[in-house]
Amino acid sequence: MNRLKDKVAIVTGSTSGIGKGIAKMFAAEGARVVVCGRREERGAAIVNEIQSAGGEAMYHFLDVTKPETVDALLADTEAAWGKIDVMVNNAAGMALKDGRVDEISLEDWDAVFASDIRSTFYCTKIALPYLKRNDKASIINIGSMAACSGDLGSTAYACAKAGVDMLTKYTALQYGKDGIRCNCVRPGLIITEENADKVPDMLKDIFLDNIEVTRYGSPDDIAAMCVYLASDESEYFTGQVVTVDGGLNAHVPTVAQFRALASRTW
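All residue numbers for the sequence shown refer to this note's numbering, where the first residue is 52 and numbers rise by one.
Because the hints were derived from the structure by calculation, they are not lab data. The C-beta atom is built at its ideal place from N, Cα and C for all residues, glycine as well. Hints are not guaranteed to be accurate.
[As the list claims (entries may be wrong)] So the derived label-pair ranges between C-beta atoms look like this:
id, residue 1, residue 2, range
1, K255, A131, 17 to 27 Å
2, A95, D256, 32 to 42 Å
3, L203, R90, 46 to 56 Å
4, E154, A130, 43 to 53 Å
5, K183, M253, 46 to 56 Å
[Unchecked claim] Under the rule of at most 27 Å between Cα atoms (straight-line distance), these lysine-lysine pairs were calculated in the DSS-like manner:
id, residue 1, residue 2
6, K183, K117
7, K117, K220
8, K187, K176
9, K183, K220
10, K255, K228
11, K148, K56
12, K176, K117
13, K187, K220
14, K183, K228
15, K228, K187
16, K187, K56
17, K56, K255
18, K134, K220
19, K176, K228
20, K56, K183
Construct the entire structure; sequences and hints are all you get.
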């Protein structure tokens with residue numbers, strides 16, 4: 052406990068899912084947390100939950116596709132709490148019409164890039180002057196295992212998240228001497244309160260066949276890694292892309308089929 056004591060952390064897209072899990076665990080570890088997103092009612096409920104558990108939090112509206120709301124978020128956070136130590140770029144989106152290369156319109160491609168890579172770039176850019184005012188600061192980008200290898204769909208999303216990987220490395224290189232570390236966490240399949248009933252059972256079964264820890268991931272799995280990256284424990288850790296996927300990408304993609312063959316009686 053208290054691994055993040057006295058730190059001020061912003062977690063974008065924290066009114067649901069992985070972001071909510073990060074915000075709650077940060078607060079449990081002693082950070083003052085800004086819960087932000089477009090859904091004020093949900094944000095207020097999470098703030099109330101954190102405060103009821105003895106933590107400190109406030110809600111701020113944020114639409115990462117609108118730069119003026121990013122500007123206001125950073126300025127208002129420093130005005131309220133005097134500094135910003137940690138910036139978690141978690142907010143993202145997937146276009147409903149994302150798919151194969153020949154199926155994606157330019158409008159849908161641009162929409163995914165606006166919510167997934169342009170927003171991460173802009174939040175980082177605007178946060179840098181605030182973070183530089185501290186001796187130690189941390190930027191944590193939330194990427195995706197979709198950036199690890201090709202797939203049959205979600206092309207725009209995967210390409211945008213691959214950009215997040217490289218933005219992480221460039222940010223770490225360019226601002227390390229200013230005391231700013233930057234790392235990226237790539238989640239695997241994470242089952243949340245919001246998506247538990249939306250992920251098809253067939254897809255869950257495919258993933259479970261290939262996950263080495265025999266369970267799906269949870270927001271707490273990602274939050275725990277983010278706590279480490281936000282804390283002073285990781286002060287020698289920067290420019291890295293860390294995959295938290297239960298071992299999904301640790302093996303060749305045919306492992307499930309080979310296992311099935313191995314169990315057969317010839």
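Outcome for the supplied range 46 to 56 Å, where the beta carbon pair is L203 and R90: About 31 Å separates the Cβ atoms of L203 and R90, which means 46 to 56 Å is violated.
Status of the given 17 to 27 Å range, CB of A131 versus CB of K255: violated, 41 Å
Cβ separation of A95 and D256, checked against the hinted range 32 to 42 Å: Once the Cβ atoms are compared, 37 Å apart, the range 32 to 42 Å for D256 and A95 holds.
Satisfaction of hint between K228 and K183, Cα-Cα up to 27 Å: holds, 10 Å
Given hint K220 paired with K187 - CA-CA distance at most 27 Å: holds, 18 Å
Pair hint K134 and K220, alpha-carbon separation not exceeding 27 Å: holds, 24 Å
Pair hint outcome, K187 versus K176 [Cα-Cα no greater than 27 Å]: holds, 17 Å
Holds or violated: K176 to K228, with C-alpha atoms at most 27 Å apart: OK: K176 and K228 at ~16 Å, within 27 Å.
K176 paired with K117 [C-alpha distance capped at 27 Å]: Given pair K176, K117 holds - Cα atoms ~14 Å apart, limit 27 Å.
Restraint status (C-alpha distance of K56 to K255 at most 27 Å): violated, 37 Å
Hinted pair K228 and K187, Cα distance within 27 Å: holds, 10 Å
Beta-carbon spacing of E154 to A130 - inside the hinted bounds 43 to 53 Å or not: holds, 45 Å
Of the hints listed earlier, those the structure fails to meet are numbers 1, 3, 10, 11, 17, in rising order.
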